[in-house]
Amino acid sequence: MNSFTKLAVIICVLVLLLPVFYMLASSFGGIDIPFITEVISNNRHWILLGNTAFIAFFTTLASMLIGVTIAVIISRFKIPLARTMEYLLILPILIPSYFMAISWVYLIGVNGLITNYLKNIFETPWMPFSIYGKLGAVFILTLSYFPLVALMTLSGLRNIDFSLEKTAWLTASRWRAFFRVTLPLVMPYIIGSGILVFILAVNNFDVPAILLTDVFPLEIFYQFSVFFRTDRAMMFALPLAAASIGAILLWYAVFKRRPLFTVGTGWKQPAKIELGTLAKLVASGFIVLMLIMAVFLPLAGLISNLDSFNTIITTLQLVSDQLLNSLTAAAIATLAALAIGITAAYIMEQPGSKIKWFLIILMALPLVMPGSALGIGLIKMYNTGALMFIYKSIWIIILGLTARYMIIPTLILNSSVKMIDPSLENAARVSGAPWHRIWLKIMIPLNKKAIIISTIIYFILALNELSVTILVAPPGFNTLSIRIYSLYHFNKNAEVSAMCLIMAFIVILLYAVLASVIFKDKNE
Amino acid sequence: MNNMEIRFKNVSVSFGNIGAISDLSFTAPAGKLLAVLGPSGSGKSTLLMLLTGLLAPDNGEISIGEQIVSSGNKILVAPRQRQVGMVFQTLALWPHMTVRQNIEFALKGKHPKDEITARVSEILSLTGLSDYAKTYPSNLSGGERQRVALARALVAKPEIFLLDEPLSSLDRHLSKKLLPLIREYHEKFHTTTIYVTHDQSEALNIADFVMVIKNGRMMQFDTPENIYHKPVNRFVASFMGDVNLLESKFASPDSVKTNIGEISCAPNDKLSGRNTIAVIRPENLTINNNGNIKGRVIACEFKGDNWLAEIDAGGNAPLLARFPDKPQAGAAVSLSINKPVWIIENN
Numbered sequence: 001m002n003s004f005t006k007l008a009v010i011i012c013v014l015v016l017l018l019p020v021f022y023m024l025a026s027s028f029g030g031i032d033i034p035f036i037t038e039v040i041s042n043n044r045h046w047i048l049l050g051n052t053a054f055i056a057f058f059t060t061l062a063s064m065l066i067g068v069t070i071a072v073i074i075s076r077f078k079i080p081l082a083r084t085m086e087y088l089l090i091l092p093i094l095i096p097s098y099f100m101a102i103s104w105v106y107l108i109g110v111n112g113l114i115t116n117y118l119k120n121i122f123e124t125p126w127m128p129f130s131i132y133g134k135l136g137a138v139f140i141l142t143l144s145y146f147p148l149v150a151l152m153t154l155s156g157l158r159n160i161d162f163s164l165e166k167t168a169w170l171t172a173s174r175w176r177a178f179f180r181v182t183l184p185l186v187m188p189y190i191i192g193s194g195i196l197v198f199i200l201a202v203n204n205f206d207v208p209a210i211l212l213t214d215v216f217p218l219e220i221f222y223q224f225s226v227f228f229r230t231d232r233a234m235m236f237a238l239p240l241a242a243a244s245i246g247a248i249l250l251w252y253a254v255f256k257r258r259p260l261f262t263v264g265t266g267w268k269q270p271a272k273i274e275l276g277t278l279a280k281l282v283a284s285g286f287i288v289l290m291l292i293m294a295v296f297l298p299l300a301g302l303i304s305n306l307d308s309f310n311t312i313i314t315t316l317q318l319v320s321d322q323l324l325n326s327l328t329a330a331a332i333a334t335l336a337a338l339a340i341g342i343t344a345a346y347i348m349e350q351p352g353s354k355i356k357w358f359l360i361i362l363m364a365l366p367l368v369m370p371g372s373a374l375g376i377g378l379i380k381m382y383n384t385g386a387l388m389f390i391y392k393s394i395w396i397i398i399l400g401l402t403a404r405y406m407i408i409p410t411l412i413l414n415s416s417v418k419m420i421d422p423s424l425e426n427a428a429r430v431s432g433a434p435w436h437r438i439w440l441k442i443m444i445p446l447n448k449k450a451i452i453i454s455t456i457i458y459f460i461l462a463l464n465e466l467s468v469t470i471l472v473a474p475p476g477f478n479t480l481s482i483r484i485y486s487l488y489h490f491n492k493n494a495e496v497s498a499m500c501l502i503m504a505f506i507v508i509l510l511y512a513v514l515a516s517v518i519f520k521d522k523n524e
Numbered sequence: 525m526n527n528m529e530i531r532f533k534n535v536s537v538s539f540g541n542i543g544a545i546s547d548l549s550f551t552a553p554a555g556k557l558l559a560v561l562g563p564s565g566s567g568k569s570t571l572l573m574l575l576t577g578l579l580a581p582d583n584g585e586i587s588i589g590e591q592i593v594s595s596g597n598k599i600l601v602a603p604r605q606r607q608v609g610m611v612f613q614t615l616a617l618w619p620h621m622t623v624r625q626n627i628e629f630a631l632k633g634k635h636p637k638d639e640i641t642a643r644v645s646e647i648l649s650l651t652g653l654s655d656y657a658k659t660y661p662s663n664l665s666g667g668e669r670q671r672v673a674l675a676r677a678l679v680a681k682p683e684i685f686l687l688d689e690p691l692s693s694l695d696r697h698l699s700k701k702l703l704p705l706i707r708e709y710h711e712k713f714h715t716t717t718i719y720v721t722h723d724q725s726e727a728l729n730i731a732d733f734v735m736v737i738k739n740g741r742m743m744q745f746d747t748p749e750n751i752y753h754k755p756v757n758r759f760v761a762s763f764m765g766d767v768n769l770l771e772s773k774f775a776s777p778d779s780v781k782t783n784i785g786e787i788s789c790a791p792n793d794k795l796s797g798r799n800t801i802a803v804i805r806p807e808n809l810t811i812n813n814n815g816n817i818k819g820r821v822i823a824c825e826f827k828g829d830n831w832l833a834e835i836d837a838g839g840n841a842p843l844l845a846r847f848p849d850k851p852q853a854g855a856a857v858s859l860s861i862n863k864p865v866w867i868i869e870n871n
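In order, the protein sequences belong to chains A and B. Throughout the first sequence, residue numbering follows my numbering, covering 1 to 524 in sequence. Throughout the second sequence, residue numbering follows my numbering, covering 525 to 871 in sequence.
No wet-lab data here; the hints were simulated from the structure. Note that the structure is predicted; figures quoted are calculated from it, not measured. Worth double-checking, as some hints may not be accurate.
[As the list claims (entries may be wrong)] If the Cβ cut is set under 8 angstroms, some of the chain B residues that face chain A in the computed set are: (1) 599; (2) 601; (3) 603; (4) 604; (5) 614; (6) 633; (7) 637; (8) 680; (9) 831.
[Unchecked claim] Derived DEER-like restraints, expressed as beta-carbon distance ranges: (10) B:602 to A:392: 38 to 46 angstroms; (11) B:538 to A:434: 24 to 32 angstroms; (12) B:591 to A:353: 24 to 32 angstroms; (13) A:161 to B:785: 41 to 49 angstroms; (14) A:434 to B:665: 32 to 40 angstroms.
For each residue, glycine too, the CB sits at the ideal point set by N, CA and C.
Required output: the full structure, derived from the provided sequences and hints.
In structure tokens:
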């Protein structure tokens with residue numbers, strides 16, 4: 001790869017980050033004493049802060065407890081269909097959290113399927129639970145994020161040289177060896193995944209919006225789109241940005257010398273422990289229950305809401321433009337993010353490269369701050385002068401989608417590039433081949449698996465994105481996720497369910513391809 | 525095919541504070557095979573990276589033929605334009621390509637299709653790989669992979685040919701079979717070749733010249749015979765195999781005084797009057813009842829075709845000598861030196 005390409009990619013990353021910098025600069029610029037006094041004295045702000053912190057903290061705690069338990073069960077105990085369960089764990093990550101929230105509202109909301117059923121049975125209008133509010137948000141976000149902890153912890157457990165634990169077996173029980181040797185070694189992965197969940201939860205906008213809970217990310221959205229107070233919206237983004245950046249720095253301290261993701265592992269895995277029938281039932285039952293709540297019940301809730309199968313067909317005709325917009329924007333953003341991702345991943349692994357963590361932190365910024373704040377940054381950047389053509393077209397959505405998730409393919413591809421022996425590339429370089437041929441014939445085929453995985457994951461995430469697109473989408477360029485969100489607030493339950501199912505169908509189809517790629521890898 | 529001379533002129537490169545190559549100057553003669561020999565971390569592979577252009581020097585000048593390819597901290601000729609063929613230590617065979625695809629990669633886009641087919645077939649036949657053209661590297665044995673790597677490096681008819689410890693991952697038996705093959709290719713193509721290794725016997729066996737390096741500095745550049753028998757310093761003498769290094773001082777132009785007596789040596793006026801070291805290989809000590817070196821066997825080690833014994837001859841350290849049969853520990857032996865010893869400066 002020549003220096004020109006490297007420079008071009010770094011410039012692309014900076015351009016994508018401009019709205020973030022703009023947003024951060026604007027929020028600092030608007031702080032003055034009267035504003036700080038008002039913020040502190042306004043009780044509503046403390047409620048917002050309390051809600052946001054409550055949701056982020058308890059979502060992180062619950063996701064870590066559930067995720068680590070599942071990772072340990074899958075990696076260390078013999079349970080039926082462990083491999084299948086592991087691959088199904090990817091699904092809740094790919095299904096957008098607003099989809100999960102809507103589905104659960106249709107199940108246990110005021111007029112939910114289960115709520116009505118229970119009301120009829122017990123002949124009472126009062127229910128002991130509610131999906132709305134802080135606890136409901138924690139419940140939904142935990143269902144969305146616990147698989148992140150489970151998969152990252154699993155990756156950590158598989159990255160550890162098992163002989164270290166085995167050595168401890170000589171002088172300690174298996175449990176003691178696991179808790180004293182393996183768990184501390186895997187702790188960076190657990191803490192890392194917890195930090196990631198915290199960042200995602202603290203910035204989540206759509207779940208609190210659907211479950212009617214006031215939080216900072218939602219306030220940013222309202223201040224900008226309802227009260228047209230850009231300055232206030234920006235300033236509400238500050239504490240979230242500070243919390244997220246703090247969390248990234250903590251992540252950096254934890255993960256500095258370790259891979260963030262792994263594609264395949266080299267260490268020999270321990271033989272799994274046999275469990276008694278009851279223990280096996282409890283262990284696998286727990287994972288199945290979590291998967292039912294995170295995947296199958298939401299789907300069932302949506303299906304039960306349809307009047308007939310025809311609703312899907314008619315809805316599909318109705319939203320074909322939005323679907324096309326979603327697919328187009330997601331496809332272009334995916335291509336752009338992949339090109340940036342693979343180049344950045346390669347630059348990070350160059351001998352003597354000192355910018356790896358700097359690049360990672362920079363590229364992670366758009367993901368770890370509220371999507372609505374990134375949206376406002378984009379609008380402010382491009383709603384002016386010569387750049388207006390971007391603001392008025394689908395390109396603003398594409399820019400937002402590319403910036404939002406670009407760190408994900410970068411990290412996946414970096415882990416793949418790192419595992420490839422540099423002499424494979426050097427052999428091609430000294431053979432006399434030009435750099436583009438080296439990339440086409442050597443580097444891309446060698447990283448093929450990671451490229452396919454990144455492409456599918458990115459496409460799904462871009463397709464599902466709501467918090468940025470809802471702010472930046474120009475008239476006539478609505479996406480399917482925006483349409484779902486809008487119609488939900490108009491109580492068009494059948495149409496919303498049909499649209500969610502169309503989205504779910506696309507996600508599951510792509511997921512099947514993804515799983516086949518990963519399955520193939522494991523079989524090899 | 526052109527025969528290109530390779531020249532390094534005051535080349536230095538460092539990684540952070542660690543100097544990998546320090547002020548290195550040498551000329552590899554055109555059409556000859558130069559073995560670069562040194563312990564791990566001595567800068568051997570770095571030297572090859574500099575030569576390929578995958579690494580820029582910090583200072584100095586590197587030339588291939590008449591062309592300066594790197595100068596100062598600049599790469600003047602890109603790796604792909606240097607006409608270099610290289611066999612990497614890991615072999616670096618592309619796992620997603622068949623043997624044929626691996627070999628023809630360097631030719632594609634540069635030559636007509638017919639010529640590529642002919643050249644690939646020729647090299648496949650020469651390396652005995654014709655039957656494996658459609659096989660993937662993962663399905664080949666270690667020796668076959670080695671030959672694919674050689675074929676891939678040679679097919680483009682490079683002007684210089686570099687081998688980075690190509691046999692280090694193979695067992696001794698296979699290495700012994702492949703070493704003559706590499707020499708044979710060299711005899712056929714007469715390409716200027718640099719063969720990097722940490723194995724003394726490989727270097728002595730294959731090379732026209734050997735360069736010994738340590739900590740990125742050249743210790744000696746000479747023929748294999750001279751490197752072995754006439755080392756320039758204590759490091760080269762020890763690195764090339766078992767050796768007795770005895771502190772000495774010239775007693776006459778052709779003899780030195782040591783603590784096992786006066787022994788005849790190769791004359792060296794420059795070292796007269798200085799503290800010196802007499803270099804005696806174990807095979808230069810012969811069992812001889814009339815020998816003037818008397819001693820007792822302390823211990824011995826089986827070496828396959830001989831026994832290497834440690835002998836207490838009254839010096840500061842035991843003497844190493846070879847015996848055809850196992851000597852008894854404690855047995856008295858008499859030894860003589862069968863040729864004038866080589867003298868180096870003691871510094």
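Hint check:
1. 599: Status violated, d = 12 angstroms.
2. 601: violated, 12 angstroms
3. 603: holds, 5 angstroms
4. 604: holds, 4 angstroms
5. 614: With Cβ-Cβ at 5 angstroms, under 8 angstroms, it holds.
6. 633: Holds - the Cβ of residue 633 of chain B comes within 8 angstroms of chain A, reaching about 7 angstroms at its closest.
7. 637: violated, 16 angstroms
8. 680: holds, 6 angstroms
9. 831: This hint is violated: residue 831 of chain B lies away from chain A, its Cβ roughly 39 angstroms from the closest one there, beyond 8 angstroms.
10. B:602 to A:392: 38 to 46 angstroms: At roughly 45 angstroms between Cβ atoms, residue 392 of chain A and residue 602 of chain B fall inside 38 to 46 angstroms, so the hint holds.
11. B:538 to A:434: 24 to 32 angstroms: holds, 30 angstroms
12. B:591 to A:353: 24 to 32 angstroms: Holds, at about 30 angstroms.
13. A:161 to B:785: 41 to 49 angstroms: violated, 57 angstroms
14. A:434 to B:665: 32 to 40 angstroms: Between residue 434 of chain A and residue 665 of chain B, where Cβ atoms are some 33 angstroms apart, the hint holds.
Consistency note: the structure conflicts with the earlier hints numbered 1, 2, 7, 9, 13.
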